[in-house]
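My request is simple: use the sequences and hints to build the entire structure.
Every position in the sequence shown, counted from 1, becomes a number in my numbering once 20 is added.
Hints are computed from structural coordinates only; laboratory data are not their basis.
In silico EDC-like cross-links for lysine to aspartate or glutamate, where the CA-CA straight-line distance does not exceed 16 Å:
1) K462 / E452
2) K497 / E318
3) K462 / E318
4) K387 / E321
5) K387 / E348
6) K497 / E517
7) K177 / D240
8) K394 / D357
9) K184 / E299
10) K394 / E348
11) K184 / D141
12) K76 / E263
13) K394 / E375
14) K177 / E401
15) K158 / E186
16) K177 / D152
17) K177 / D239
18) K497 / E321
19) K184 / D295
20) K482 / E422
21) K76 / D163
22) K177 / E373
23) K378 / D344
24) K482 / E420
25) K497 / E326
26) K184 / D168
27) K378 / D357
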Amino acid sequence: MPFDRIPTPAAPRARRRRGIVGGAAALAAAFMVALTPLSQAVARGAPESFADLAEKLSPAVVNISTSQTINAPERPSGPRLPENSPFRELFPDLFGDEGDAPRRGPRKASSLGSGFVISADGYIVTNNHVIDGADEIKANFADGSSLDARLIGTDPKTDIALLKVEPDAPLTFVSFGNSDASRVGEWVLAIGNPFGLGGSVSAGIISARNRNINAGPYDDFIQTDAAINRGNSGGPLFNMDGEVIGVNTAIISPSGGSIGIGFSVPSAIASRVVDQIQEYGATRRGWLGVQIQTVTPELAEGLGLEAAAGALVTGVVDDGPAADAGIEVGDVIMRFDGNEVDAMRDLPRMVAETEVGKAVRVVVWRKGESRTLKVTLGLLEEEPPVQNASVTQDEAPAEEAEVLGLALGPLTDKRREAFGIAGDVSGVLITEVNPDGAGAEKGLRQGDVIVEVSLEPVSDPKDVADKVAEARENGRKSVMMLVHTRGEGRFVALSLEE
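Now the structure itself:
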């Protein structure tokens with residue numbers, strides 16, 4: 021049923037003065053003309069029916085059933101009771117012969133999910149969490165047939181898995197569409213296996229894009245209000261052209277049922293992962309070799325940036341691609357391979373989606389100016405350790421100082437041992453934190469090490485005090501510090517305002 025058009029305003033009443041009447045009529049006519057495109061856009065209605073689309077697509081959607089052997093722990097032995105004790109008969113599982121509890125052997129656990137066929141020869145896409153740890157996997161088709169499925173490969177970071185069945189005849193399959201072209205408000209169709217009921221269809225719209233739900237390092241979910249429940253995991257999200265634009269993966273629900281907030285891995289990510297698993301048996305992601313953090317407005321002010329954007333480098337892996345290209349701690353990565361880095365979380369996805377071995381241009385902001393560096397990406401194999409760039413520590417005694425609610429002291433060997441600070445970390449030790457000070461607000465604590473202030477290395481408390489005083493003299497609202505805390509480096513901006 022089409023939406024009602026937006027009503028247009030009534031024509032103005034006649035005025036005694038001709039000029040006013042003519043002017044009002046012209047204004048009303050212009051207003052009505054201006055509204056026409058908007059009225060036409062809103063008037064576009066929902067499809068009369070999803071039946072044809074559902075009938076066409078359902079044969080390519082499968083139910084995934086898995087079984088897993090779980091070794092249950094043995095029950096503890098019960099107390100030894102007399103033969104004539106009534107408790108032996110009332111609780112035989114607890115008080116067995118001679119007080120020994122019966123042993124529990126391995127048991128079978130099963131689970132249900134969804135998936136979809138992407139090739140006539142039997143490749144099937146689903147979620148990694150649907151088949152994780154499974155001993156047996158079966159794909160159950162809409163016509164009632166069932167085939168054993170073999171695991172080709174998985175990618176836990178995007179929760180995608182690829183299976184393979186061996187059909188006797190070509191299978192009905194669906195294709196990936198372009199999720200990047202999808203718009204908020206467009207109609208979508210979800211097909212899956214909610215609560216193990218079998219093939220089920222639900223419709224809705226795209227509620228939002230680029231959602232980050234902290235599920236992994238490459239979060240970029242499509243949010244939809246199409247009903248997605250337990251068992252829909254791994255099923256497809258279709259656009260109105262019958263293309264898969266998402267893999268249904270997660271929901272927000274206090275009860276376990278749909279409340280209209282579901283999330284799908286966009287096809288732009290899922291299709292790349294599937295292609296790599298088909299070709300290599302695993303994913304091959306680009307690796308830059310940096311540790312990064314978000315650029316806050318306070319940090320942007322300290323860095324001399326007009327806006328809080330980009331990814332702030334807090335650590336560089338020795339001999340990694342970034343180190344070889346000259347990227348340094350304190351650089352802000354603003355562009356990567358021609359793409360703007362609007363937010364920190366954009367960079368890991370950009371790097372991961374770039375071909376291994378490709379030479380890319382990276383634009384960084386360093387000490388008030390823009391620089392372009394050329395980086396040849398490596399292969400991300402595992403999370404590498406990150407070393408913070410720092411200067412060699414002068415172990416000569418230095419005076420204590422208190423700055424911005426932080427008690428500071430020299431980083432001696434004895435203090436390194438007391439706080440577990442690695443030998444390659446240099447700077448000034450925070451010996452005490454005023455709970456009402458600026459440092460406490462940023463989560464600094466005793467045992468943290470200030471490595472840099474205003475992007476300059478510091479080696480004793482006086483260096484820190486001087487840099488803070490200099491920032492105040494220059495009219496800064498905050499001062500930026502690189503702090504080694506809890507085994508990692510991060511930048512914090514401490515307010516200089518009273």
